[in-house]
Amino acid sequence: MHDRKARRLVEATLIDGITRAEAEKAEAEWKPYLEEQLKRMAAEGVPKDRWPQHGHWDWRQKQEAADAYLAYRMFGVECQSQMQGLMLVLTAGKNCQIESQKGKPLAYVHFLAAAPWNLATVAPDPRFSLVGSILVATAIHLSIEEEFQGRIGLHSLPQADEWYRNSCGMTDLGRDHAVQDLRYFEMTPEQASEFLK
Amino acid sequence: MQTGTPSRKTMTLNLTEAEMQALDELSATKDISKTAVLRQALRLYQMVEVRTARGEKLFFEHDTTKQKAELMVL
Amino acid sequence: MKTNLSKEWLTKRVERDEKADVSAGMLDLGRLQAEPPTARVESIQASAETESLHPAFGRLINLWRRKRGLRMDVLADRAQIDLTELIEIERNLHYTPEPRTVYQLAKTLELPSERMLELSGNLVVRDSSLGEEAVRFAARSESVEKLSKDEQRALEEFVKFLSEK
Chain A
8 MHDRKARRLV EATLIDGITR AEAEKAEAEW KPYLEEQLKR MAAEGVPKDR WPQHGHWDWR
68 QKQEAADAYL AYRMFGVECQ SQMQGLMLVL TAGKNCQIES QKGKPLAYVH FLAAAPWNLA
128 TVAPDPRFSL VGSILVATAI HLSIEEEFQG RIGLHSLPQA DEWYRNSCGM TDLGRDHAVQ
188 DLRYFEMTPE QASEFLK
Chain B
4 MQTGTPSRKT MTLNLTEAEM QALDELSATK DISKTAVLRQ ALRLYQMVEV RTARGEKLFF
64 EHDTTKQKAE LMVL
Chain C
4 MKTNLSKEWL TKRVERDEKA DVSAGMLDLG RLQAEPPTAR VESIQASAET ESLHPAFGRL
64 INLWRRKRGL RMDVLADRAQ IDLTELIEIE RNLHYTPEPR TVYQLAKTLE LPSERMLELS
124 GNLVVRDSSL GEEAVRFAAR SESVEKLSKD EQRALEEFVK FLSEK
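Line by line, the protein sequences are chains A, B and C.
The letter at position 164 of the first sequence is residue 171 when you use this note's numbering, and the numbering goes up by one with no holes.
The letter at position 16 of the second sequence is residue 19 when you use this note's numbering, and the numbering goes up by one with no holes.
The letter at position 24 of the third sequence is residue 27 when you use this note's numbering, and the numbering goes up by one with no holes.
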């Protein structure tokens, strides 16, 4: 990962198969920090459109799904003994919408989040970057392992739309009215290969 | 970076010709191996079973008409 | 699973990730309240706007559940939520439930989730008419064992309003 303050790469661990204890620890660390920052933002009068767009996801519940279903895989990035990012991926039941890949299975990134102290919209001094890139790369590798050739899909929260479109080179398939009007993105095998270069 | 690789076991399947054909067709359509097709089937079956055991029902919804129907075709 | 991310690749990505707040997934809580939910439960300074909607939320859940002939424990089980929290929702007029609980209830009772998040005090209300309708609904409905015709009518009209916006 990239330590923003030290301006260098630091050792991190990618965890494949988050345990209940790890999910609970992440919740116990992320939630109070986020709430503290929200209080600060309210006190400072920060405009609402600059507030974070995922206040609180229940990662324990997501970990339970990963435990209960073969189709779910949960990953985390740990650095300095703290979870810096979490991701839940669904590996069955989702097919490509892009015309050239229509009907072919993909790995669907059901949830992806960086720890709140890594978010520019939350933390006065975000600690680490590269959480997003590492987790997207992980989703692609998982897709390849599943024989989906790197195909992935996800619904982006608005603050991340541009990143998925421009920085990751994913295809923007527009707003999905079935999923809270979030923009739906997909990656073809060629785009995945390009991302990993 | 470290990741875990689960150990794998081998199994032999006895399928009818019709089942084998369906498996071949799905493998070709989905562009994945026959093993990967069966993995998909197992994962979906498990999800259906866990949720129906909880009292939920499996429905299909037509994209245009929004008409709902249970798993049965007819 | 093999994930070989080289130093060169990571270094290249640093610049691209510089201003990125990356996230993906449903349950968008984009319109967070001024106070986070846990603080709000204890706070006696909850905004008037939030306070006025709470009774309507609890009343809605209560009537919708009874209309479907569900006991509380059955609904809690189906929605996969804590029974104690459901009791709080229906009986404590000042209680603000967890967002996940609201979302699960909305899904189970087939009510629009975003409106329910607004009504429960988890999202900032965008449409001022929600407040007016919520107060009117709360006033027209009373907690009795069976739904009276008036309660039924009040419930149906309010649900229709929630679903239309």
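Just so you know, these hints were derived from the structure itself, not from any lab.
Predicted model only: the values in this text are computed from it and were never measured.
Even for Gly, the Cβ is constructed at its ideal location relative to N, Cα and C.
Treat the hints with care, since some could be wrong.
In silico DSS-like pairs for lysine-lysine, Cα to Cα no more than 25 Å straight-line [to be verified]: (1) B:LYS37 to C:LYS5; (2) C:LYS5 to B:LYS12; (3) A:LYS111 to B:LYS37; (4) B:LYS33 to A:LYS101; (5) A:LYS12 to B:LYS71; (6) C:LYS10 to A:LYS12.
Ranges of calculated distance between the beta carbons of each label pair, as one might list FRET restraints [claimed, not checked]: (7) B:LYS60 to C:GLN155: 37 to 43 Å; (8) B:LEU47 to A:THR26: 22 to 28 Å; (9) B:LYS71 to A:THR26: 34 to 40 Å.
Enumerated hints in conflict with the structure, sorted upward
Result: hints 5 and 7 break, sorted rising.
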